[in-house]
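Undergrad: If you read the protein sequences in the order shown, they are chains E and U. When you line the first sequence up against this note's numbering, it's residues 62 to 310, in that order. When you line the second sequence up against this note's numbering, it's residues 29 to 282, in that order.
Note that these hints are calculated values from the structure, not bench results. Here the structure is a predicted model, which is why all the values come from computation and not from measurement. Quick reminder that beta carbons are idealized off the backbone N, C-alpha and C, glycines included. Hints may contain errors.
Quick partial rundown of chain E residues pointing at chain U, CB under 10 Å, derived from the structure [claimed, not checked]:
| hint | residue |
| --- | --- |
| 1 | I123 |
| 2 | G127 |
| 3 | A137 |
| 4 | N138 |
| 5 | P140 |
| 6 | L155 |
| 7 | E165 |
| 8 | L168 |
| 9 | A171 |
| 10 | V235 |
| 11 | A246 |
| 12 | L249 |
Next come the chains, spelled out residue by residue.
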Amino acid sequence: MSRTSNQQIALRAEGLSFAYRETDWILKDICLSIPSGQITIIMGPSGTGKTTLLKILAGILIPSRGHVEVFNQDIANQPQRSMASLIGYIPQQLGLVRNLTALENVLMGALGRCGNGRALLGLFPREEVRKAEAALDLMGIAHKTNEKVFRLSGGERQRVAIARTLLQHPRVVVADEFVSDLDMALALEILSRIRLAAAQEQITFVMSMHRQGLVREFAENVVTLREGHIAPGFIPAISQGSAVVELLQ
Amino acid sequence: MKTNLLITAFVTLLLGIVLNELGFFDSGKLIRGLRNLGILTSDMVPPDFSVLPVAGRALWETVLMSFAGTLLGFLASLPLSILGTRNLFPTILSSVARFIAAAVRTIPVLLWAIIFVILFGLGPLAGTFGIAAYTVGYLAKIYSDLFEGTDPEVVEAVGSTGASKLQLVRFVFLPEGANAILTQLLFMLEYNIRASSILGFVGAGGLGFVMQVYLQTLEYRRLASVLLLILVVVLAMDGISAWIRKRFLLTAQA
Numbered sequence: 062m063s064r065t066s067n068q069q070i071a072l073r074a075e076g077l078s079f080a081y082r083e084t085d086w087i088l089k090d091i092c093l094s095i096p097s098g099q100i101t102i103i104m105g106p107s108g109t110g111k112t113t114l115l116k117i118l119a120g121i122l123i124p125s126r127g128h129v130e131v132f133n134q135d136i137a138n139q140p141q142r143s144m145a146s147l148i149g150y151i152p153q154q155l156g157l158v159r160n161l162t163a164l165e166n167v168l169m170g171a172l173g174r175c176g177n178g179r180a181l182l183g184l185f186p187r188e189e190v191r192k193a194e195a196a197l198d199l200m201g202i203a204h205k206t207n208e209k210v211f212r213l214s215g216g217e218r219q220r221v222a223i224a225r226t227l228l229q230h231p232r233v234v235v236a237d238e239f240v241s242d243l244d245m246a247l248a249l250e251i252l253s254r255i256r257l258a259a260a261q262e263q264i265t266f267v268m269s270m271h272r273q274g275l276v277r278e279f280a281e282n283v284v285t286l287r288e289g290h291i292a293p294g295f296i297p298a299i300s301q302g303s304a305v306v307e308l309l310q
Numbered sequence: 029m030k031t032n033l034l035i036t037a038f039v040t041l042l043l044g045i046v047l048n049e050l051g052f053f054d055s056g057k058l059i060r061g062l063r064n065l066g067i068l069t070s071d072m073v074p075p076d077f078s079v080l081p082v083a084g085r086a087l088w089e090t091v092l093m094s095f096a097g098t099l100l101g102f103l104a105s106l107p108l109s110i111l112g113t114r115n116l117f118p119t120i121l122s123s124v125a126r127f128i129a130a131a132v133r134t135i136p137v138l139l140w141a142i143i144f145v146i147l148f149g150l151g152p153l154a155g156t157f158g159i160a161a162y163t164v165g166y167l168a169k170i171y172s173d174l175f176e177g178t179d180p181e182v183v184e185a186v187g188s189t190g191a192s193k194l195q196l197v198r199f200v201f202l203p204e205g206a207n208a209i210l211t212q213l214l215f216m217l218e219y220n221i222r223a224s225s226i227l228g229f230v231g232a233g234g235l236g237f238v239m240q241v242y243l244q245t246l247e248y249r250r251l252a253s254v255l256l257l258i259l260v261v262v263l264a265m266d267g268i269s270a271w272i273r274k275r276f277l278l279t280a281q282a
């Protein structure tokens, strides 16, 4: 709690509530601050609102009440293109276009910087292609660059999704349960690459996860959701790490 | 269980009433029809293949009309279907686009051919435009529905990269729908080849004119060879479609 004040806050949510119907609240008065440059993991039972919270933090869903700031800027006032340079989003099923190659999918991370001209013909600037290839290389799948996504394994797709988000050059990456379908060894490898990217590029990662072992290994901060509320306190095994999420509840 | 039985009984009763209304239980008429079918069939064999050079040329015109009409219709249907995609554009815009597609679709292809014969005169140009018009109405509706069914996670993920609407269409909606787009296009081409063989009845070019002449002059053996020719083309088209599907569609789903 006290360390947060010395550290830049990447995401701040205040009084977040969300409901599709007035009587059926999925999130209720969520307040949290997520420190910059670290891996924050959101935990909680199924159906407790993790995906909804992540979508609101990524600016995809508009909250019924409350607001979100990314690096002190209210995301409600951000044009779509400038949001793209602040927050990248990886959904649970990754959101890849299966009929395009790994490289084409990664290049989509650069769409916010490219106009409607040559990019629409699939002609990206040479520099963007080079960066996309470098991102695939960083993820260890340079040899699959021209493979269509539907031919890739689950782990390879995971890496393509991360590479796409890295090419976006966001300051925050929001990822929803995106290693949940992988076996432990592969999940460890993917998360290690994320930790490396977070350190190298100073990116803040916010992700939901349910495997306690992975959370212990990788989380620098943990937020636990229960029935649409933030549950007080941290998981004990983690509190010995650098748990610095400020719970304003 | 009881509800299912009631529904089955109701549908059966409804079907019986409709069929009766249409004269389906008029045994005298049915027997007379079957007897005429026998006479017509015997008048058609053996087919007279001496007309093949004439029919072949007309058939070639029909195939060209279908191909050009389908392609023109397909190209026009893409922007209309994209504008009609409700999760991409404001409701007012998508409603207008869908209304245009519905209005175009309401008019059958034969009527479109008559309209274009009035506009452009007799010949294959009218037929080509007729086919294109019907194709626009049909494909625009199918493609709009297809685009609306695109996985929202993919749209959200690519949308969060700052992609514009046009970029979303180019990089998400079109490639995600590629399988169905191609399948429907091939179906439309097959359909148009069959449908356009009758456009000549209204002077819109192609095989229909030859068929009409043989029908009016009661030359059923010649008509039979024309029908066989159409069958060969439709079967060939089936084969080509199957090859294209196998060659270009996603083969591994996960």
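Undergrad: So which of the earlier hints does this model not fit?
TA: 1, 2, 3, 4, 11 and 12
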